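Construct the entire structure; sequences and hints are all you get.
There are 2 protein chains.
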Amino acid sequence: MKIESVDFFYLSMPEVLDIGDGSQDACLVRVQAGGLAGWGECEAAPLPTIAAFVCPMSHSACKPVQASVLGQALNDAADIERIGNLVRDRSLDLLQAEHTLSGIDMALWDLLGKRLSEPAYRLLGYPRAYPKLPYASMLFGETAESTYQKARSARSLGFRAAKFGWGPIGLGTVQADVEQFQAAREGLGADGTLLVDIGTVWRDDVVAAALRLPSLKEVRATWLEEPFVSGALEAYKQLSLQSGSVKLAGGEGCHNFHMARHMIDYAGIGFVQIDAGRIGGITVAKKAADYAHARGVSYVNHTFTSHLALSASLQPFAGLEHDIIAEYPAEPKSLATDLTVNHIHLDGDGYIRVPESPGLGMEVNAAKLGPYVVDAEIRVNNQTLYRTPRLEGL
Amino acid sequence: MKIESVDFFYLSMPEVLDIGDGSQDACLVRVQAGGLAGWGECEAAPLPTIAAFVCPMSHSACKPVQASVLGQALNDAADIERIGNLVRDRSLDLLQAEHTLSGIDMALWDLLGKRLSEPAYRLLGYPRAYPKLPYASMLFGETAESTYQKARSARSLGFRAAKFGWGPIGLGTVQADVEQFQAAREGLGADGTLLVDIGTVWRDDVVAAALRLPSLKEVRATWLEEPFVSGALEAYKQLSLQSGSVKLAGGEGCHNFHMARHMIDYAGIGFVQIDAGRIGGITVAKKAADYAHARGVSYVNHTFTSHLALSASLQPFAGLEHDIIAEYPAEPKSLATDLTVNHIHLDGDGYIRVPESPGLGMEVNAAKLGPYVVDAEIRVNNQTLYRTPRLEGL
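Residue numbers (my numbering), protein chains in the order written: chain A, 495 to 888; chain B, 495 to 888.
Keep in mind that the hints were calculated from the coordinates and are not lab data. Please read these numbers as outputs of a predicted model, since none were measured by experiment. Fair warning: there could be bad hints in the mix.
The list cannot tell twin chains apart, which means a pair is met if one copy fits it or any two copies do.
To be verified - For lysine to aspartate or glutamate, the following EDC-like pairs were computed, each having C-alpha atoms within a straight-line distance of at most 16 angstroms:
(1) K781 - D698
(2) K731 - D759
(3) K731 - D698
Structure follows, in structure tokens:
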């Protein structure tokens, strides 16, 4: 097959709120080859991501992503790796390119899986997929009481694990955070897996983080996620020496393999959290999963959007039996739900399974997406470089 | 002062060639406040960089850069740092944002310097600026003979140092590279400072790099630059253990302080090369210079475009007396030359000095830029988010 077309769709809720909810818009990618269509999703700001696909060349190492994708042969997994390397070489100085590549790479695995009638995880080399324990990924409530109610509701929906993050956490007093942590534990019950996400608000302030450790140990948090920005390796390392039973988790900001490796090598984390929609797609995420596995660091997906993104993000570690925790967006906006016809549901024991149908196993729900489509247009010197394609062309 | 407006100008040569020459287009930024204008330049793909400034918000940590800049107070250096932190927090998940911020940050220093009648380096805390030894930054010729001629011409232009990079280097046989290195040394003369730049083509292949070390030692190269991509810290480290008198140099790909720190902490480099047009501007570059200086790593600017970018890139280490080497674009396209009225020239001894006039000390040559202006337009849901502003509005 040859890659015939790559189409980007900018989708959005009618109103985007100033909250840490990444499901409010979406950057959907369709790749067509050999009469088939594959789908992916960049976990990225749609407009700059599209611009990185279509922009004019600046120089030999600052080319638009399309220069390395359109017309390329796509017959096996090695082709997908080759295309990714082309993008990284030719778009070396185009920062946004790795976010753009991420959705394309997913779509290539989806397409190749459909062509070869195999789920993506098998093409990645895993003989089978193991069930994952999904945690309800939720925002902290504005008050401890509302966090308690959210934790109760997660439990009642069948989740055995829940993560709370963002909202007011880390921004106020230590005592306010302690009350939030306790409310989350209380709502979740003594046997639930409790995860806490700080959303990088301490940047690299080890003292601010350390002040919360006693309470996190007391409520038996399994991990403390993103106390700092992804690059603050030394701050992570220092905190890890004091965090004891509470393992550090981070990595969602990684936009290439090297960054994931640095966190594993230098940051003292127990869990590396990779968003396949940012790191360069499933291909790079799998490389990070292999690297983490060999070094005793658990791999976890980062997913806060649709079930297309969820399926894509589960593939890279589908075959790792003991890396069992998986992020599961529990408060998605209707856009994220409407994006696919089928969904990945919890079974009676609270587990999820990666789809066994070809590719990513998710059907994009074009019929429902019309109201979410954002009309965008990019023109340069009277030429239209991008205009929102028609979704009907499915 | 309050920041009243931020305007982006996409400038380009009529034809952009598929070569490693970053001076073929430019992303110029003008910031206006208090009746003054400051100028900066993002070393970045213009269209995605502009899109990152104007795009709609995706969520609370994925906002357009303009949300953190327009209307902000600008009265002292602390305001510039504060604005940068706002951008990093609010645009955390917008990858291109740091390239967008870079040019804005330069313009803010230019503006503040004009307001306070001080050159930017003094506002950064340096009591004086020391002369720098500029190296002619050139591409390797397609043949060893043409590289020899280029080295001769650099010498005849008054340069005592020259760097050759990109072109065919590293892509063919070891012998072909050896001939290139020898031709460069021969053309430059025995007393010239010779620098070699591989342009990341070996990605993380330590063996490929090590095969060239004996020849680099023989021609007394001062540094071997970017044998690998910025993130390949372990590959750098391994190579540094064998490189002896040839120090490793790298860092131009760093788009935040953490990445520069990682190279200094983990990669065994002798020179850290920072592009103020990528790392987040002069503010972050100065932080990297301080960090490098404290650890015995030499700071060098990375500059391949205009003299506006050159002045901006010299400010962060202007006051470091012993970090003497500076990159100087020696084969700029006419756009890069025409971008400013004044230029930073070599003195009779082959040294350059950072301008002593307020701000960055460079006057943008609006009258000459008309032919280079690229008309660009970004529309979303029938609203124009960006349209090339008029340069006459100076």
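To see whether the hints hold, each was checked on the structure:
1. K781 - D698: Between copies only: 15 angstroms across, 27 angstroms inside.
2. K731 - D759: both (10 angstroms within a copy, 13 angstroms between copies)
3. K731 - D698: within (11 angstroms within a copy, 25 angstroms between copies)
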